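Q: Each chain, written out:
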Amino acid sequence: MRLHEYQAKQRFARYQIPTPAGHVVTSPQDAYAVAAALAQPVVLKAQVLTGRGGRGSGVKAAFNAAEAQNHAAEMLGMKIKGVIVRKLLIEPVIKSVASIYLGITCDRNVSRLAIMASNAPIADIEASAHLQPSTIIREYIHPFSGLHNYQVRNLANGLNLPREHWDDFTRIAQRLYRCGIESDATLAEIDPLALTPDGRLLALSSRLVIDDNALARQPELRAMHDSDAELRALAQARAAEISYIKLSGQIGCIVNGAGLAMTTMDMITTYGDGTVGPANFLDIGGGAQADKVTAGLHIILADPDVKVILLNIFGGTTRGDEVARGILQALDEIRGEGPLVIRLMGTHAEEGRTLLESACPNDLHVVTTLNEATQLAIAIALGTL
Amino acid sequence: MRLHEYQAKQRFARYQIPTPAGHVVTSPQDAYAVAAALAQPVVLKAQVLTGRGGRGSGVKAAFNAAEAQNHAAEMLGMKIKGVIVRKLLIEPVIKSVASIYLGITCDRNVSRLAIMASNAPIADIEASAHLQPSTIIREYIHPFSGLHNYQVRNLANGLNLPREHWDDFTRIAQRLYRCGIESDATLAEIDPLALTPDGRLLALSSRLVIDDNALARQPELRAMHDSDAELRALAQARAAEISYIKLSGQIGCIVNGAGLAMTTMDMITTYGDGTVGPANFLDIGGGAQADKVTAGLHIILADPDVKVILLNIFGGTTRGDEVARGILQALDEIRGEGPLVIRLMGTHAEEGRTLLESACPNDLHVVTTLNEATQLAIAIALGTL
Amino acid sequence: MGILLDGHDLVLVQGITGREGSFHTLQMIEYGTQVVGGVTPGKGGEWVHGLPVFDTVAAAIEVTGANTSLVCVNAAHATDAIYEAINAGIKLIVCITEGIPVLDMIKLREHLRLTGSRLIGPNSPGLLTPGRAKIGIIPGYIAMPGSVGVVSRSGTLTYEIVYALTYEAIGQTTCVGIGGDPIVGTNFVEVLSMFEDDPQTEQVVLIGEIGGRAEIDAAAFIQAEMTKPVTAFIAGRSAPEGQRMGHAGAIIAGREGSAAEKIEALRAAGVRIAENPEAIPGLLAGDRPNRRV
Amino acid sequence: MGILLDGHDLVLVQGITGREGSFHTLQMIEYGTQVVGGVTPGKGGEWVHGLPVFDTVAAAIEVTGANTSLVCVNAAHATDAIYEAINAGIKLIVCITEGIPVLDMIKLREHLRLTGSRLIGPNSPGLLTPGRAKIGIIPGYIAMPGSVGVVSRSGTLTYEIVYALTYEAIGQTTCVGIGGDPIVGTNFVEVLSMFEDDPQTEQVVLIGEIGGRAEIDAAAFIQAEMTKPVTAFIAGRSAPEGQRMGHAGAIIAGREGSAAEKIEALRAAGVRIAENPEAIPGLLAGDRPNRRV
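Chains as they are written, first to last, in this note's numbering: chain A, 5 to 389; chain B, 5 to 389; chain C, 4 to 296; chain D, 4 to 296.
These are computed hints drawn from the structure, not numbers from a lab.
Hints may contain errors.
Claimed, not checked - Restricting the straight-line Cα-Cα distance to at most 30 Å, the calculated cross-link-like pairs of lysine-lysine (DSS-like) are:
id: 1; chain 1: C; residue 1: K110; chain 2: D; residue 2: K46
id: 2; chain 1: B; residue 1: K250; chain 2: B; residue 2: K99
id: 3; chain 1: C; residue 1: K94; chain 2: D; residue 2: K110
Stated by the list, open to error - If you anchor each label on the Cβ, the simulated ranges turn out as follows:
id: 4; chain 1: B; residue 1: P166; chain 2: A; residue 2: P308; range: 57 to 67 Å
id: 5; chain 1: A; residue 1: A363; chain 2: C; residue 2: E33; range: 37 to 47 Å
id: 6; chain 1: C; residue 1: K46; chain 2: B; residue 2: S138; range: 47 to 57 Å
id: 7; chain 1: A; residue 1: A17; chain 2: C; residue 2: Y170; range: 36 to 46 Å
id: 8; chain 1: C; residue 1: G245; chain 2: A; residue 2: Y144; range: 55 to 65 Å
If you're wondering where the values come from, they're calculated on a predicted model, not measured in any experiment.
Beta carbons are placed, not taken as given, at the ideal position from N, Cα and C, and that holds for glycine.
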């Protein structure tokens with residue numbers, strides 16, 4: 005779960021990581037007031053949770069309060085990657101004589117956290133954790149003894165950071181580490197950490213991504229999640245505890261199991277041959293529970309791109325007839341329209357398929373193999389059936 | 005550094021370890037008020053830092069406020085092992101259907117913390133850490149992965165604690181562990197942890213001993229130290245960063261180095277043969293700094309038992325003449341009275357001894373060997389010189 | 004006989020009194036696994052499917068002599084259960100729990116390095132030696148005894164592929180799900196190495212997916228150390244960058260972890276790559292009977 | 004040649020620019036130790052006694068080839084310095100720092116177990132091989148080359164006893180101070196074992212004190228494994244229970260750690276016990292020249 009930049013900075017402030025004096029506003033009037041109070045050039049940052057936000061069209065500078073108000077009027081309500089901007093973070097423009105990247109993430113290949121620093125921005129820290137470009141200085145953090153000061157000094161040394169800033173840099177890195185660990189962050193980064201003309205180190209931009217698996221023990225952070233600032237479908241999926249990713253094709257997929265869902269997606273892409281593709285990735289999890297099928301159908305039916313739905317269930321230890329009854333119950337609740345291809349496999353799958361075919365014949369196609377299912381869905385999407 | 009029981013309980017409360025609703029008072033009137041407000045039988049506990057306080061004459065029960073006031077009047081101002089009682093902790097008397105000992109300390113022999121539990125009180129947990137009486141259930145805590153819940157369940161199982169209390173017991177043990185670790189405690193104990201008739205677990209008595217070596221990074225705990233509640237000489241020694249322990253003999257010792265100080269003490273005891281003994285252990289540390297000699301002399305001269313002072317310095321890499329000048333400077337500052345035996349060894353020790361002999365002949369005896377020094381001091385103490 | 008299970012496996016189910024734990028215990032017993040007991044703290048003394056339940060793993064081992072454990076405990080308590088199993092001396096631990104926080108796994112992984120215990124998972128469907136025993140939740144009916152070793156990061160995709168093999172009458176020695184999390188107790192290379200050493204296993208099917216470099220490491224190992232043929236399928240060729248595809252571990256970060264990269268590395272190591280799961284049986288080495296079951 | 008120092012010791016001083024660090028660096032150089040440089044974070048590029056100062060241990064090793072380190076850093080930064088030395092590959096680390104918190108030492112001790120580095124100390128005077136080299140603060144003039152190994156938990160008491168030996172013209176192979184803290188990197192048994200294996204060492208003097216059971220363990224080792232005679236002195240026979248006697252480690256807890264208990268165990272293991280330090284030379288085995296220096 006990503007935090008907004010302003011939320012990450014609030015969290016940083018609790019760990020005494022210095023950040024600019026920022027405020028969040030939701031109206032142009034407030035933007036004027038905040039900029040006027042700051043009485044210096046400001047930067048306005050749209051707070052949306054799409055990709056690596058806080059860059060591009062989502063950031064504007066203003067020399068005075070009036071300009072800040074104008075920018076805010078423009079920015080509030082605009083869409084960034086489909087999400088409406090509802091909040092702006094306004095901060096003073098900070099001059100800097102040097103910019104440092106400092107970030108902590110998990111390097112899964114060595115099963116450790118890595119702390120990385122660079123004199124240039126790092127585009128993608130998770131990737132950089134393993135790749136080793138020479139411009140990035142890196143230290144692995146021992147899972148038990150933690151981040152040592154000497155390791156931070158190694159970073160400072162590698163960055164050629166003037167020594168009078170080493171103590172400051174060490175404190176900030178240790179606080180970032182503690183903040184990250186105590187927040188169950190899979191990514192904690194400062195980009196850039198600016199060295200100001202008067203010799204302070206300041207976290208100009210910040211990013212915290214919280215491990216979804218740890219949200220249960222991080223109630224405070226979980227409560228910070230802003231579902232208004234992400235796509236509606238994502239928020240719905242999160243609530244239903246299913247995994248959903250919007251793609252650009254026409255075939256809505258509902259699959260149990262991540263690997264099988266990706267495989268379904270891959271096969272649609274291959275056989276679709278550039279003309280037809282998957283509308284989404286959607287994994288309802290290993291079992292085949294009716295409520296998750298229902299939630300998945302809800303999300304996909306709301307997607308205007310979808311022309312046909314492909315439901316691919318491999319029942320595992322769940323009996324096929326039970327799965328079929330669950331699907332029928334879900335369809336009954338939804339009462340959605342449009343063609344549906346169902347591929348059902350597993351123990352007693354045949355009974356399940358019979359049940360499905362007899363119960364609900366209109367627009368419903370029941371098949372056995374993955375190949376059949378994919379090609380049938382593609383044919384329906386192309387209108388060639 | 006030991007905390008008062010009330011301080012330990014305040015600390016426990018911060019970690020949500022349940023304790024009785026106690027208050028500290030410094031006057032009989034306040035004792036009346038607190039007992040009246042509690043409106044039930046109370047226990048008054050003298051808050052002094054001598055040995056395993058909070059037991060024996062330092063604890064009294066009262067059935068009502070008037071009785072509490074009377075007890076308080078008696079207890080406040082009384083001396084326990086030489087220390088005046090200035091504070092009383094007043095708590096409601098808690099009924100219990102079972103009492104558990106629960107404590108965490110370092111078992112130096114395995115270089116780990118051990119958590120121990122028992123259905124009977126443990127008189128000396130540090131000793132018990134290694135000794136393994138069968139009534140004590142024990143789990144070693146891995147320094148990196150910490151205390152696991154399953155380990156606490158092993159304790160609960162061994163105690164035959166009814167299962168409905170396991171979750172509660174686990175929470176309390178984990179909190180005690182966190183409190184101990186985060187307080188740099190060398191001992192964190194609840195004795196007893198009472199099971200009340202209504203099924204709650206409550207820390208009736210608590211003890212926290214903080215690692216002296218960690219006080220620099222525990223400023224809040226260091227500030228809690230109550231030097232009014234320990235012997236004056238101990239407080240002085242602590243302030244001067246020298247190590248002092250009062251003993252019952254007549255020969256005041258000032259030595260550099262703990263091992264050498266103990267050896268000096270041992271030799272006085274042996275040669276003193278039951279008639280004369282060391283008045284104290286006093287280690288000014290490995291070097292031979294003048295300010296520590298001064299502080300040591302101050303403490304010893306204030307001890308009415310002392311008949312003669314034995315200063316035993318092995319100079320190590322410090323030159324003997326420098327050490328001698330330091331001693332002379334200290335003696336000059338102090339202008340104390342009474343006989344003094346000085347044994348000075350190390351590089352250039354002879355020059356040092358000459359310097360001492362020529363500078364300050366009255367009542368000052370300069371010797372070379374440990375045997376000479378000890379026997380001379382004993383002779384002086386016995387008046388046989 | 005297959006790998007990991009050696010016929011002397013006395014299995015404990017941690018979380019046996021739960022809905023899942025109880026269900027899969029029965030499935031395992033029916034499949035022939037020697038389940039000897041279970042552990043649920045606070046429920047010691049109860050019985051599930053005729054098996055004794057204990058409060059602690061230590062007590063369970065003392066009574067039953069268990070040496071293997073299935074951890075079927077929710078994410079909040081799963082690592083505690085695993086530490087308990089490790090520190091009580093259990094040698095093989097299979098964890099099916101999904102959703103263990105990554106920082107917990109980092110610590111646990113380090114702890115495992117220092118002990119003699121092996122963890123399969125977490126977020127693993129477990130392992131199954133057809134006709135003999137299974138630990139975990141892989142459905143028994145999809146498999147049959149034979150000479151193909153299967154190792155996978157997925158759950159239902161594994162079933163799909165094992166079923167496809169069985170459908171073509173191609174049996175398996177052991178099917179191992181190593182789990183879909185970014186940090187797991189046992190990786191591809193370790194399982195490949197066991198298959199290489201296993202006299203029953205003649206060839207191996209590897210089922211990978213996007214994210215991390217486990218398949219790249221596997222390719223390096225196959226090239227350097229393996230004599231047995233390997234066929235692979237990699238899921239997620241069409242996955243977008245930077246998105247977590249269901250599995251916590253399935254995410255392409257920058258240039259790293261894409262299916263293309265992995266397929267290339269495996270091909271270079273001499274591995275045959277299947278375009279889809281149903282193509283795998285046809286790609287296997289040797290003359291296999293192609294009859295329907 | 005003595006133990007621990009092997010003649011190829013290239014020594015780094017961590018904290019070389021401090022008052023103590025600088026002083027003892029000079030003392031070590033004068034005694035013949037090959038000190039090759041120092042480390043003080045933020046002072047790289049400076050020079051002390053003609054030796055280069057580096058910001059990090061890694062840089063110092065790269066330039067000087069150091070394989071040994073003296074940690075002469077205050078308690079707040081000492082463990083960081085030790086971890087830095089360990090993780091940079093230093094094999095022998097001597098730490099003279101007093102006052103390291105016990106929880107830090109518990110962690111460090113565990114970390115040391117997992118690495119190939121040896122720590123002497125903390126709160127140790129260091130070690131000295133007479134006439135050859137010393138690492139730490141043991142004064143050189145108190146010692147002379149010979150065949151007695153000395154191992155001790157104390158500082159000045161060690162000097163006292165080594166000096167008493169030298170005064171009687173009884174030379175030493177190596178003098179090792181293992182440190183007076185409750186948790187130290189190297190214990191009596193490890194050093195005794197090195198003396199047992201060292202061809203130059205003919206007998207050993209062990210200087211113990213109250214607290215813990217290091218001397219009890221030593222007694223067991225002496226009885227079971229040692230062929231060379233051992234003479235011991237134990238400080239603190241008159242120490243009261245429950246009081247920390249200067250050294251963090253010197254405390255009698257209940258029935259454990261008393262001098263009487265230790266003396267009894269050592270005696271039972273065939274060790275001669277000295278009643279006071281000056282009695283040690285007279286108790287040593289063999290015909291030793293008894294002339295004054």
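Q: Are the hints correct? Go through all of them and say.
A: Evaluated hints:
1. C:K110 to D:K46: 35 Å, violated
2. B:K250 to B:K99: 39 Å, violated
3. C:K94 to D:K110: 26 Å, holds
4. B:P166 to A:P308: 57 to 67 Å: This hint holds: roughly 60 Å between Cβ atoms.
5. A:A363 to C:E33: 37 to 47 Å: 31 Å, violated
6. C:K46 to B:S138: 47 to 57 Å: Roughly 27 Å apart at Cβ, these two residues miss the hinted range, so it is violated.
7. A:A17 to C:Y170: 36 to 46 Å: 60 Å, violated
8. C:G245 to A:Y144: 55 to 65 Å: 23 Å, violated
Hint compliance for this structure: hints 1, 2, 5, 6, 7 and 8 are broken, all remaining hints hold.
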